[in-house]
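Undergrad: All chains should be modelled from the sequences, with the hints used to inform the complete structure.
Number of protein chains: 2
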Amino acid sequence: MAGERQRGVGRPNENVLSRVLIVETALDLLDLHGRDGFGMRDIARRLGVRPSALYNHVASKDDVFRGIREVIATRITVAPFVTQRWDEALITWAHSYREVFASHPPTIALLAVMPFETDSEIFGTYEQVIEVLYREGWERAEALNILVAMESFILGSALDAAAPADMMSPGDRADIPHFSAAYAERDMRTADSGAGPADQAFEAGLNLLIAGLEAQRSARAASRVAHDR
Amino acid sequence: MAGERQRGVGRPNENVLSRVLIVETALDLLDLHGRDGFGMRDIARRLGVRPSALYNHVASKDDVFRGIREVIATRITVAPFVTQRWDEALITWAHSYREVFASHPPTIALLAVMPFETDSEIFGTYEQVIEVLYREGWERAEALNILVAMESFILGSALDAAAPADMMSPGDRADIPHFSAAYAERDMRTADSGAGPADQAFEAGLNLLIAGLEAQRSARAASRVAHDR
DNA sequence: CGGCAAAATGAACAATGTTCTTTTTAGCTT
DNA sequence: AAGCTAAAAAGAACATTGTTCATTTTGCCG
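Going line by line, the protein sequences match chains A and B. The first sequence: position 14 = 14 (the UniProt record's numbering), numbered continuously. The second sequence: position 131 = 131 (the UniProt record's numbering), numbered continuously.
Please keep in mind that the hints were generated in silico from the structure rather than gathered at the bench. Treat the hints with caution; some may be incorrect.
Any copy, or any two copies together, can satisfy a pair, since identical chains are not distinguished.
[To be verified] Listed next, the in silico SDA-like pairs over lysine to any residue satisfying Cα-Cα at most 25 Å (straight line):
hint, residue 1, residue 2
1, Lys61, Leu110
2, Lys61, Arg7
3, Lys61, Val78
4, Lys61, Ser218
5, Lys61, Asp166
6, Lys61, Arg75
TA: Right under this line is the structure:
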């Protein structure tokens, strides 16, 4: 990748490495070969460098993971959606959140296990979600719970999408007729619509969550009317 | 742990190891020390055995992981809930599902990343979920999507529960007022109710999903009435 | 111009999963 | 009962991986 064939000992004329370069290379390798075949030696080889050189810019492999999380977190930060109607805003947020993972499946396992840093850009997005819900009448503590619940659903869905496609296949078991039938019918629907099983489930769950919120909201409106008259 | 102090070379009088013993020991160590400090040598030491002896009963470390997944999967299989009313049945299922992870936090990262085997006992539970929804009027393909969505939510919530408690703390950032207020208000609610933040979010999300399902169900009932008259 | 820090190489280390050989024993066969 | 085979343990060793250290060369600053 790097033009030079071999480099001697000592500081090079132009700097070859940097923290961001290492992190981006690691992310590329993660997308290419999954979490195997991606070690410090692989990152170094791809940069035309010896492994020990990496440690001048990065403290450890965990540090590289942290860097990857930062990159992903900033990508989740999307264009402002706070101006949209509440339900459309949440749907926009959920979709863009999920697309980040969909384009980098192997990273999900890393992101899901360990959380973000406190100074992450992602809090700007959180702020918008809370604001949208608060504006619509939810208490802020409850809005935060809804935010966490939706995020859990999105992360769980991303993990599901990264799993092998035939993960739930019932095979030819005869003892689970309803499930087997459901699996077959979904396969047909998948073939028709073109949307993968994981996408269908994500849309179904997101619809349920929004419908549940709408029910809460209309119930609140009704009780206020009853109280006002 | 094992009574004997030291054992010589050769097959022992009574068998010391077995696959299940190794898997259970691994699960214990995982709960005790997290995913660090738990390697083949640690498992062997705890069993009073040399590491190479493990490989007479287990193919690899991944094989041990598979064993752990099997154990967890069977624990998820709960008492039948198909006889309950549909919403109570789903709530029972979701709670028991989550409790398994709550009692073994470090295992979540293992379980969530890699899925279950096809011959797992967990399909019996899936069957019940599909049956409950189908009985209530949902198409089976849609029921499967709902099942997957709920499972994603449960897994994501379990991951959230295993994360550090202060993961989302806004610190003293002034640029996210709504979120900071929401965080403070939730802290008060947490102190009052005794339920942790992760539990609150889980309940909130589960309520939303059930409410969304109820909305779909009642809409279906209304349209059928309209069609019948 | 001199010296210090930065940034690379190269060699080595510790830990980990794993394999291979050897030894002892269990269990089946004749 | 004797003998053979396979199982099950120890023990030594290997490959890989993350990491550190000493060395060398170079940029940069006073």
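Undergrad: Taking the hints in turn, state whether each one holds.
TA: So, going through the hints one by one against the coordinates:
Taking the shortest alpha-carbon separations for Lys61 and Leu110, both the intra-copy value of 12 Å and the inter-copy value of 20 Å come in at or below 25 Å. Taking the shortest alpha-carbon separations for Lys61 and Arg7, only the intra-copy value of 24 Å comes in at or below 25 Å, while the best inter-copy value is 39 Å. Proximity of Lys61 and Val78 under a CA criterion of 25 Å is satisfied in neither setting, with 28 Å inside one chain copy and 40 Å between copies. For the identical chains of this complex, Lys61 and Ser218 are neighbours neither inside a copy (50 Å) nor across copies (53 Å), given an alpha-carbon limit of 25 Å.
Proximity of Lys61 to Asp166 under the C-alpha cut-off of 25 Å is restricted to the inter-copy arrangement: shortest distance 24 Å between copies versus 32 Å within a copy. For a Cα distance limit of 25 Å, the shortest separation of Lys61 from Arg75 inside one copy, 21 Å, qualifies, whereas the shortest one across copies, 35 Å, does not.
Of the hints listed earlier, those the structure fails to meet are numbers 3 and 4, in rising order.
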